[in-house]
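Visitor: Protein chains in written order, with the working numbering: chain A, 57 to 403; chain B, 57 to 403; chain C, 57 to 403; chain D, 57 to 403.
Hints in this document: simulated from the structure, not taken from any laboratory.
There could be a bad hint or two in this list.
No distinction is drawn between identical chains; accordingly, a pair holds when it is met within one copy or between any pair of copies.
As the list claims (entries may be wrong) - Result set (DSSO-like, lysine-lysine): computed pairs, CA atoms no more than 27 Å apart in a straight line:
#, residue 1, residue 2
1, 332, 126
2, 383, 123
3, 61, 123
4, 130, 61
Protein chains: 4
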Amino acid sequence: MIVMKGDATEQQVAAVIERIERAGARAHVSAGEFVTVIGAIGDDRELIAALDIEGEGGVERVVPILKPYKLVSKDFRGDAPVEIAGRLVGGDNFCLIAGPCTVESRAQTLDTADVVKSVGATMLRGGAFKPRSSPYTFQGLGREALTILAEARERTGLPIVTEVMDVRQIEDVVEVADVIQLGARNMQNFDLLKEVGRTGTAVLLKRGMSATCEEWLLSAEYIAREGNERILLCERGIRTFETGAYRSTLDIGAVPAVKQVSGLPVIVDPSHAAGKRDLILPMAMASVAAGADGLIVEVHPSPETALCDGPQALYADKFAAWVADVKRIVDVMGKVIAGGEPVAVNA
Amino acid sequence: MIVMKGDATEQQVAAVIERIERAGARAHVSAGEFVTVIGAIGDDRELIAALDIEGEGGVERVVPILKPYKLVSKDFRGDAPVEIAGRLVGGDNFCLIAGPCTVESRAQTLDTADVVKSVGATMLRGGAFKPRSSPYTFQGLGREALTILAEARERTGLPIVTEVMDVRQIEDVVEVADVIQLGARNMQNFDLLKEVGRTGTAVLLKRGMSATCEEWLLSAEYIAREGNERILLCERGIRTFETGAYRSTLDIGAVPAVKQVSGLPVIVDPSHAAGKRDLILPMAMASVAAGADGLIVEVHPSPETALCDGPQALYADKFAAWVADVKRIVDVMGKVIAGGEPVAVNA
Amino acid sequence: MIVMKGDATEQQVAAVIERIERAGARAHVSAGEFVTVIGAIGDDRELIAALDIEGEGGVERVVPILKPYKLVSKDFRGDAPVEIAGRLVGGDNFCLIAGPCTVESRAQTLDTADVVKSVGATMLRGGAFKPRSSPYTFQGLGREALTILAEARERTGLPIVTEVMDVRQIEDVVEVADVIQLGARNMQNFDLLKEVGRTGTAVLLKRGMSATCEEWLLSAEYIAREGNERILLCERGIRTFETGAYRSTLDIGAVPAVKQVSGLPVIVDPSHAAGKRDLILPMAMASVAAGADGLIVEVHPSPETALCDGPQALYADKFAAWVADVKRIVDVMGKVIAGGEPVAVNA
Amino acid sequence: MIVMKGDATEQQVAAVIERIERAGARAHVSAGEFVTVIGAIGDDRELIAALDIEGEGGVERVVPILKPYKLVSKDFRGDAPVEIAGRLVGGDNFCLIAGPCTVESRAQTLDTADVVKSVGATMLRGGAFKPRSSPYTFQGLGREALTILAEARERTGLPIVTEVMDVRQIEDVVEVADVIQLGARNMQNFDLLKEVGRTGTAVLLKRGMSATCEEWLLSAEYIAREGNERILLCERGIRTFETGAYRSTLDIGAVPAVKQVSGLPVIVDPSHAAGKRDLILPMAMASVAAGADGLIVEVHPSPETALCDGPQALYADKFAAWVADVKRIVDVMGKVIAGGEPVAVNA
């Protein structure tokens with residue numbers, strides 16, 4: 057819907073109409089007393105987006121009526137759960153993803169994997185390639201970590217979630233990963249989104265640090281357009297002026313807001329938002345109560361010596377008690393943690 | 057703690073020390089290989105704050121070690137509940153404050169008050185003086201509204217929460233109010249904080265739209281310094297780049313973060329954060345699960361015709377069902393809604 | 057302009073129309089293929105604002121066409137300069153306001169006033185009442201400072217700019233001040249805006265730390281509605297995630313953006329935005345180049361010992377050189393610093 | 057510098073010391089009355105970064121003293137200009153980069169290139185690969201655009217600036233580009249930073265939408281560590297709560313703040329910050345006055361029909377007048393636009 061300026065000339069109105077029609081849409085003109093409003097009608101987003109009409113003379117404002125995404129909208133896909141290695145995520149199936157921030161060694165990873173398995177979690181997480189702000193910090197074990205994760209998967213039966221930072225890592229990662237994680241800093245790495253979309257492996261798409269909900273869903277749309285609709289959205293906190301109280305501002309309102317417009321499951325990462333161990337539990341419980349479809353948390357046998365993000369890792373030996381607390385809210389929400397043996401799925 | 061620049065001269069170090077001592081504190085110098093660090097020691101915040109030493113030559117950075125607030129810190133006051141008209145807020149006592157955004161008429165207010173009473177809420181809210189961004193919008197009924205609120209209080213026995221915007225309104229408001237609300241826009245109206253602190257009436261202090269948690273607590277300290285420590289902190293959403301998904305970004309992490317350092321109860325206002333009716337319930341449930349000590353929500357018999365903030369008002373006739381949903385989380389948290397008859401308190 | 061939801065019923069459309077007409081406006085309905093758009097037509101902002109129609113059933117979105125402010129818009133008032141004590145601010149008249157952050161003593165203030173006078177500045181600033189985040193920091197000398205400012209005014213002939221924080225200070229302040237400063241924290245202290253508007257004394261209205269440009273202008277509208285249109289807008293930096301590089305993010309784009317829609321002069325305060333002495337000059341020069349109508353800066357004879365904001369005060373003995381640098385950009389912009397003797401004005 | 061908690065035990069202090077020494081640094085303990093402070097001394101950032109000591113028991117806070125970047129700091133590299141195709145950027149050499157947002161056709165690009173050449177600009181910009189929030193918008197002509205840019209370079213002699221979004225595009229792009237642009241969304245695409253760093257081609261590194269200045273410099277450090285120190289930093293506006301007045305908040309204070317700590321030239325992109333044609337000139341002039349080393353702007357022969365960002369493109373036929381206005385501030389700053397024939401450089 058294009059609102060013309062009060063003093064737009066007839067020629068300017070005609071130029072807008074012509075441009076709409078040239079793009080293959082239909083124009084519906086409504087000349088009011090003070091302003092003229094022109095609707096561009098067509099149900100093809102590509103066509104509407106191509107208009108890019110804001111530069112035209114006499115245009116006051118363009119008000120989009122259609123959501124700019126389609127495949128990931130609830131209108132289009134409904135809100136069916138996503139299936140991952142025989143486990144469902146979404147609906148009543150609560151997804152608990154846990155594991156070390158980073159794969160540091162075989163022992164640390166397998167020990168943590170055993171703990172994660174024992175509490176009935178849904179999947180095991182662990183980073184092989186780590187995006188770090190500074191080139192001087194530990195960047196992950198890389199391919200060696202993938203081998204360790206494969207062993208952990210074999211040993212526990214848990215599906216693996218691990219991050220890809222670069223298109224050249226995809227080939228190796230998909231051999232091990234059941235879910236490819238795309239980090240906050242790569243939410244608008246569009247070529248990576250496309251390539252990951254082509255793999256057919258499920259994706260956990262973290263929200264960018266300053267991305268609007270709409271931009272987040274548009275990034276999911278990039279993946280879906282390549283034919284891959286098994287996407288888990290992951291809220292991990294946004295950047296605001298508050299820097300002392302916690303690490304990132306967990307945007308709890310985004311959980312129900314995004315679920316209203318998109319049928320994709322929304323997972324919350326309270327570890328990164330908290331940045332401090334004591335805040336993870338209340339943030340996790342709040343996320344479940346807000347309607348999140350799952351949690352992804354960091355667990356470490358010895359957080360004091362962790363090579364990355366130790367202060368926000370949960371103690372492995374206290375993890376069962378932590379999960380029990382979260383489970384009380386999961387119960388109230390009428391959900392069950394989708395761990396244990398895979399359910400039979402007709403995918 | 058003052059970190060000197062690497063190239064600070066001896067004279068500059070001496071000047072800083074002299075200044076610390078002149079202010080009545082003691083200086084503790086630690087000359088390292090690369091930098092010299094000077095501690096200013098004293099347990100009087102007034103004294104330390106007076107130093108304001110950042111402008112001194114050779115000073116790289118001042119790192120405060122003591123929290124800048126004292127009376128509202130958990131270290132000082134513990135986390136005892138706050139008593140209001142015989143009801144406790146904090147600890148296991150969950151506080152549910154409900155009522156119209158604005159007192160529009162006697163009938164609308166009394167009808168709403170009856171509903172609020174019937175669901176067992178703790179207090180009745182209602183605005184007489186409304187802070188509005190535009191001078192062209194409805195600004196509240198003023199003193200007439202106070203009379204209506206007094207009648208609602210008489211009728212239901214519920215304590216009244218109502219806002220003060222100006223020191224000249226205090227005298228009238230304290231006759232009716234059990235809790236004076238200070239709005240987000242007035243969080244740093246320091247003269248108002250002081251005057252309200254002198255009344256002895258309890259205060260609900262909303263967090264400013266872009267206030268850090270520390271600034272919020274410093275504003276509470278202004279009130280406490282006047283001898284009034286019956287303060288409820290109220291998180292109502294902060295301003296971020298996200299504008300489409302909801303009205304304000306509910307800062308759920310601030311709830312446990314503030315409760316860790318301050319013993320004051322924290323109430324959440326999900327209505328203003330949501331801005332849309334459908335988002336209020338998930339935000340409210342999340343707040344309870346995050347450890348909030350209470351909620352303040354807007355209820356209206358006919359939100360479509362409300363003079364202010366209709367889209368974020370709950371329907372009065374559906375409010376009992378809404379409260380039942382929230383109560384499921386309140387139960388899990390081991391709390392009870394502190395409504396009904398006042399408990400006996402030895403205040 | 058009200059955009060109805062795609063599935064809005066005829067009854068819902070009729071309800072919206074009835075509501076518009078009940079408010080005294082006219083409704084113009086445009087039923088499109090996908091959505092129905094209803095225009096509410098009337099040129100009275102009060103009337104339109106009163107609609108508050110977003111809560112109505114079936115309403116997708118309300119798109120305001122009219123700016124919500126009127127008296128401070130360029131359409132209404134043009135861009136005539138503002139006259140203050142015989143000096144013009146705006147147009148080609150560049151306004152340089154300088155002086156201490158806070159009046160600390162008679163000597164400090166008069167010495168600074170002499171320096172400010174000697175460089176040909178337009179006005180003298182100095183704080184009597186200081187808004188401070190912490191109750192433990194220096195809060196200003198209060199009425200004693202006003203007496204000192206009156207002496208400085210007598211001595212130098214410079215008009216005085218000083219802040220009011222509370223309605224009860226107005227009576228004393230207007231006896232001394234040629235311009236009442238309203239601080240960032242009070243930008244939405246609506247009762248204070250109204251009272252200051254009633255004084256007839258000119259106003260310097262600082263932008264709130266997280267206020268949009270539209271909210272800033274709405275606050276100016278509050279003042280103008282009381283009959284006082286001698287308003288200087290003051291950009292002083294906004295709060296963002298960046299905290300290390302400077303004190304506040306100077307929103308340089310707001311200067312031309314606000315000047316496009318409002319005819320009021322825009323002054324910039326680079327001292328508060330910089331927070332560090334070295335950054336004040338480049339920020340000041342940038343402000344002039346962006347089209348600002350003036351600057352307000354802090355000058356102190358001995359910043360190291362200042363009781364408030366020393367690190368962002370310019371050295372009094374280097375101020376003439378500082379002004380000379382700024383003046384090179386003022387010259388390029390075709391403006392002159394409106395200092396010296398007052399020009400004859402037919403106000 | 058590690059500040060221990062007031063109640064840290066001797067064992068905790070010892071554990072921190074051991075950890076520092078294990079990493080190869082030296083520990084300097086300063087036990088004060090209230091807190092113990094431990095300095096970790098070493099001049100190797102890799103070593104210090106590896107400490108990651110915040111998770112240790114008893115640690116209150118870690119205060120970094122050393123800047124986390126080195127190669128891009130002014131201390132290390134000084135502030136020598138960067139040489140690009142025989143032109144210097146930095147110092148007195150002002151860099152004007154202009155051209156279309158996107159290469160749309162041969163005619164549009166060559167026409168624009170001629171205009172850019174005629175005004176004496178330093179380099180030609182033009183996008184072949186476009187990062188777009190929506191998958192439904194025009195994504196650039198890709199390799200075809202590179203061929204057109206090569207022709208424009210041949211024809212005008214102007215060095216080419218064009219964006220790389222994916223490591224797989226680098227090989228083709230470096231054949232044409234004199235400067236590889238890294239967009240805001242890729243500022244923390246660390247693998248791309250490294251690969252681009254290895255090419256030896258100069259880099260224009262845009263600041264991320266919500267990146268702190270320190271993170272921006274750390275990203276530059278990633279490039280420099282691969283041996284490529286010909287880096288131009290580009291400020292293009294950050295994301296804040298203000299959305300109506302302009303497109304992004306131009307962070308003018310970042311220009312001098314970054315130049316104080318890093319010797320790299322800082323270029324400003326006023327087109328993206330403004331988002332509206334009328335605001336580009338004041339933002340550009342402000343940038344020059346703030347000390348920017350250059351500008352990058354979008355120019356189009358017919359912005360109304362541009363496929364991307366038309367509203368923020370300058371008219372090609374008015375570009376000479378626009379440059380003349382900017383040049384008045386460039387002159388005041390004592391700089392010259394480094395266009396025309398390449399200067400002889402002993403690089």
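Visitor: Since the copies are identical, ignore which copy is meant and state whether residue 130 and residue 61 lie within 27 Å (CA to CA) inside a copy, between copies, both or neither.
Guide: Classified as between: cross-chain Cα gap 16 Å, same-chain 35 Å, threshold 27 Å.
Visitor: At 27 Å max between alpha carbons, let me know whether residue 383 reaches residue 123 within a copy, between copies, both or neither.
Guide: neither (35 Å within a copy, 35 Å between copies)
Visitor: Within a copy, between copies, both or neither: where do residue 332 and residue 126 come within 27 Å Cα-Cα?
Guide: between (38 Å within a copy, 23 Å between copies)
Visitor: At most 27 Å between C-alpha atoms: does residue 61 with residue 123 qualify within a copy, between copies, both, or neither?
Guide: both (24 Å within a copy, 13 Å between copies)
In this structure, the one hint that does not hold is number 2.
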